[in-house]
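Trainee: Sequence order for the protein chains is A and B. This note's numbering applies: residue 1 is where the first sequence begins, and numbers increase by one. This note's numbering applies: residue 1001 is where the second sequence begins, and numbers increase by one.
These are computed hints drawn from the structure, not numbers from a lab. Errors might be hidden in some of the hints.
Simulated pairs of lysine to any residue, SDA-like, Cα-Cα distance not exceeding 20 Å [as the list claims (entries may be wrong)]:
hint : chain 1 : residue 1 : chain 2 : residue 2
1    : B       : Lys-1080  : B       : Ile-1006
2    : B       : Lys-1080  : A       : Thr-127
3    : B       : Lys-1056  : A       : Lys-65
4    : A       : Lys-65    : B       : Glu-1021
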Amino acid sequence: MRRVAVTGMGAVSPFGRGVNELTRGIIEGRSAIVALDELADYGGLRTRLAALVPGVDGKEIARNKRRSMSRQSIFAVLAAGEALTQAALPEAGYGSGRYGVVVGTTISSLETSESFFADHLRDKSFTRMKTSLFFKTMNHSAAANVAHFFGIEGRLLAPAAACATGCQALGYAYEMIASGTQDAIICGGTEEFHPLSAATFDLMNAASFRYNDRPLVASRPFDRQRDGVVCGEGAGILVLEEWQSAKSRGAEILAEIIGFATLTETGSIAEPSSAAMQRCMALALADAGVEASLIGYINAHATATEKGDIAEAKALLGLFGDQVPVSSLKGHLGHTLAASGGLETIATIEMMRCGELWPTRNLTEIDPCCRGPKFFADIDKQAASLALKNNFALGGVNSSLVIRSV
Amino acid sequence: MTDAEIISLVNDSLVEEFELESSVMLSEAEIFDDLGLDSLDIVDMVVVLEGALEIKIRDDEGLREIRTLGDIHRFILQKKREKEAVS
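Looking at chain B on its own, in the form it has when it is part of the complex (with noise of 0.2 Å):
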């Protein structure tokens, strides 16, 4: 899966469960005050995410420092990278 692939799942993952509008969809969008998204919903998403995309990162210390839809994209082709050197 391309990186361009991989941040169009998480895009569509994220739009579909928490019905976002696809124009919000913006790297720089701030996930609380532009996504409107709530610490409830942060748990969620780490468990959207881990499903569509086969990954863990419930326990990753790198999840505080998300702010951004950008951070996410990034955080997660990190995450990818790595789970595929491992494998």
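Just chain A, with the same shape it has in the complex (with noise of 0.2 Å):
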């Protein structure tokens, strides 16, 4: 098997644009999430919470590849173009059909979906209805778009999997790049707020409401006084390449990726499951071939929902003990839901890069039934080598990627 390098990142955040952003905003220990009175015009909606991307309208996309973008399509573009800027991968492999694109996004364009029928469902007519429509709705049409804006003709996948969906598209551009299949991936996921997915928590009893008055303090992982989610939106894309072609060009190699699970607990739709979760966990350290002994730090999942955050620590407590520092980042950034998992494994690489371990914002008191794993207060002056990054999903899906620095 070849090796696997991280040679571009890109995030489109809810702390703005670009990776230096969201890196500041987590280590300066801000929280992205806001207030948003709107969301009180939704009928059995409770919370008034999100993490909206700031400032981005796409409007530097030329007109006629934008018109078959949706918002997270936009995300998606503009990340991965930033990732792309910093690969500065040789032009001629964009056209030949080893670079691929692997971009995932929970569901398609709501927002699209929702202009469309409002106007549609008046009297159920077809002739108000643009080419656009399905371009913007497409299961693949992240993927689709950056592939097209960027002219990358190899593979195309779009996976879906909720919140795991960032978690294994990385995952799956790791195999194929490792297997000889593709030379280099532009990885990850993308997500665009609607309240649908706000409600889908809330109607679940997963999503925060009772800081809906103070909004900062309202995403708070593994904490006694958690109350759920707080959706939020963005994009994390990579780039992931042949270790040795990277090095080979004289490539910047910010981590390598070496270990990568994923599986499906089929005892529930939607409960979290511990033993699934550790038995992910001790999959992808196996295909890394390393000891959990030997992993430095652990970036969690834990969304701040009761079960989840309880099974995850149950997970890693049993696998890692008490001796692995772990923390959670959508206390800074809400659950970015898709794009989770691209934008938190970009958050991991940029500790390993400088050193540091971040901590989990508002988490000031640790549940009780959270207790076990090695969480931490503040930023920790300790580099690790080695790093785990866990996404879960409703579904049953189960997802950890392992990184290694350089």
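These two chains come separately, so use the hints to put the complex back together.
Mentor: Right, dumping it as structure tokens:
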């Protein structure tokens, strides 16, 4: 199997455009969560909270390219642009069929669908439908738009596993490069906020609403006073590249992906399973060929739901004991759903590069049911040479990625 | 609505839909080469003009002859006159 390097990273996050904005917001310990008053217009929705991307309208993308892009595709293209600029892949590879795109979303653009159906259902007429509707809402829209915008003509895959989408995209890309079917892949996840996402969690009593008047402290992973997810949006895109080609062309290698696992637990389509999480992490470690004791940092999925955080804490304790530092970035970013795997992997790699570990915002009192793993309150000035990244999803999907610093 | 008003409405609709500069909206402007539209845009253009002018043109054979913005103006004015004549 071939080694897989990370040579580019791009972010559109609730902290703004770019990896620098993402990492600055986290290092400064800020929260990107806001009170969204218009959510009060939706009957039955208790939460008024969201983590929205500020100041991105996509107008810098030419109209004839942008016409097929929903907001989440625009996020993906902008993040991919940053990642590709950093990677500086050889131009000859773009049309060679050896560079691919693996970018997924939770669901096709709800904003676009809502806009269409709001008009269409007045008279069930298709006379006002425009050609862009399909291209904005097809399930592989974000991936296809990235491929077309940059002229990347290899494999195209659009994984969809809700909150595990981004992590799966990175993992599948890693496997394709390692096995030799592709030489470089632009991969990650993207998400646009829609009230339906918040309502879905709210319906299952898994969305935060007790902090509607205090958005900055709303998302509280592993905390005793947590009351659920705050939905967010953005895109986290990485360029993965075959190690030797990256080395030989003198590319800056940011990190190495050395292990991946994903599995489905079929006991419940909604309930998290601690056993499945632990099994998934163990498989990822086995794929990487490293012992649990060698992992220096774990970036948890931890979305601040009651059950999910407990299940993950138990799985972490079971596999890693109480010695491996653990944090979740949802306290800063909210839950960016399909984008979370990419964005949080980027942040994890940045932690490894600058020799720091960034703590969980709003974790002030550890839930007794989550006790055991090594949570930390302040920026920890220690370098992790090996990190594990988790993302778990409704549908029983679990995914874990193992990253090595360079 | 006068012919000038109809032409203005057509131009405004196309400028908004396709984010065109007003300066390119000349009668002799070629739809593909000068306005930068393509076959998908032409489908959407029909939808936009039908909505703005409350006419039905989608199945009209005359659409195939359109090459310039001036052709669009003449085509639409003709359709409006036909509609008024019927009503």
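Trainee: Which hints from the list above does the structure break, by number from lowest to highest?
Mentor: 3
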